[in-house]
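Build out the structure end to end from the sequences listed, making use of the hints.
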Amino acid sequence: MTQQPRRRRLEVEDRGDIAVVNFIDKKILDEQNIQLIGDDLFRLVDELGRRKILLNFSNVDFLSSAALGKLITLNRKVQAVRGSLILCGISKDIKEVFEITKLDKLFKIHADEQAALQAF
Amino acid sequence: MNSNGQVIARQLVIASDLSAARHLQGELERSLHSLHFAEADIFAIKMAVEEALVNAIKHGNQMNPAKSVSIAYQIRPERFDVRITDEGPGFDPCDVPDPTAPENLERPCGRGLLLIRHYMSEVTFSDRGNTIAMSKVRNGNK
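Protein chains in written order, with our numbering: chain A, 1 to 120; chain B, 121 to 262.
FYI, nobody ran anything at the bench for these hints, they're computed from the structure. Being a predicted model, the structure only gives us computed values, none of them experimental. Watch out, some of these pointers could steer you wrong.
Unchecked claim - Here are the computed lysine-lysine pairs in the DSS-like style, where the Cα-Cα straight-line distance is at most 30 Å:
| no. | chain 1 | residue 1 | chain 2 | residue 2 |
| --- | --- | --- | --- | --- |
| 1 | B | Lys187 | A | Lys70 |
| 2 | A | Lys77 | B | Lys178 |
| 3 | B | Lys178 | A | Lys70 |
| 4 | A | Lys102 | B | Lys178 |
| 5 | A | Lys105 | A | Lys77 |
| 6 | A | Lys95 | A | Lys52 |
| 7 | B | Lys178 | A | Lys95 |
| 8 | B | Lys178 | A | Lys92 |
| 9 | B | Lys178 | A | Lys26 |
| 10 | B | Lys178 | A | Lys105 |
Unchecked claim - Covered stretches of chain A, going by a simulated chain B footprint (3 or more residues, C-beta under 8 Å):
| no. | segment |
| --- | --- |
| 11 | 62-73 |
| 12 | 97-106 |
Glycine included, every Cβ here is placed at the ideal spot set by N, Cα and C.
Below you can see the structure in the form of structure tokens.
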């Protein structure tokens, strides 16, 4: 059975033992895309054994509640391996989404990548 | 499509297909831009419409390809209105638990209605619960 090549949705860069993740698509995190992105994020922990993950949202200008759900699941996976998940580069509009849903209390959020890297 | 203050109105039916929902979102965003809605208002409308469409497709129609979603929207100079109807059994919005309650905070779902109500000026449901009508008064003036 022929499978279409899976389009890369994340860029992962290693900074020591921290996996720094940037999202490739700008207008992403709608329902359909997030299912696929979620799988890629979970693989970092489940298959690749990453325990320190920094998600950089600088390239993201839209985020739905389905995306929040995947982030919660990722956070739980990281906590289960006694790791750390930090978010950074979140725009004002998307920060508001975290605040409305009170998830800004659940996640560690920093303004930029530099500040976030220091926080691990 | 025009930018001289006239109404843009559209009625359509889409399959219970998330790709179809995304296509509609693109069309809607272009129309809002053409009528010079502020970016903050466009974000709010996109967020609410995304959540409502996903609810209709996933929860209302249970992703059943035999069921469709009807959408009617109007973009006027001062406001945006949309009505979204699925073919499901409906639901009672009062039954949706508060996702910001501590016991629900780590649930992976259940935030759509909260976001819709935050971003839109007005939200109503049909008695059966399978139609949502939302409005956004322009420029963030709720």
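Consistency of the hints with the structure:
Taken as a hint, the Lys187 (chain B) and Lys70 (chain A) pair is honoured in the structure, with Cα atoms around 27 Å apart against an allowance of 30 Å. Only pairs whose Cα atoms come within 30 Å are accepted, and Lys77 (chain A) paired with Lys178 (chain B) is accepted, the gap being roughly 25 Å. For the hint linking Lys178 (chain B) to Lys70 (chain A), the alpha-carbon distance of about 16 Å falls within 30 Å, and the restraint holds. Between the alpha carbons of Lys102 (chain A) and Lys178 (chain B) the distance comes to roughly 24 Å, so the proposed pair stays at or under 30 Å and holds.
Taken as a hint, the Lys105 (chain A) and Lys77 (chain A) pair is honoured in the structure, with Cα atoms around 18 Å apart against an allowance of 30 Å. This hinted pair checks out: Lys95 (chain A) and Lys52 (chain A) have alpha carbons roughly 22 Å apart, not beyond 30 Å. Proximity of Lys178 (chain B) to Lys95 (chain A) is assessed by CA-CA distance (about 26 Å); at most 30 Å being required, the pair is judged to hold. This hinted pair checks out: Lys178 (chain B) and Lys92 (chain A) have alpha carbons roughly 29 Å apart, not beyond 30 Å.
Of the pairs offered as hints, the one joining Lys178 (chain B) and Lys26 (chain A) holds, with about 24 Å between alpha carbons and a cut-off of 30 Å not exceeded. At most 30 Å may separate the alpha-carbon atoms for a hinted pair to count; Lys178 (chain B) and Lys105 (chain A) meet this at roughly 28 Å. Chain B is given as covering the segment 62-73 of chain A, and this holds because 9 residues of the stretch bring a CB closer than 8 Å to a CB of that chain, at least three being needed. Given as covered by chain B, the segment 97-106 of chain A passes the check, having 7 residues with a CB less than 8 Å from a CB of that chain where 3 are the minimum.
In summary, the structure agrees with every hint in the numbered list given earlier.
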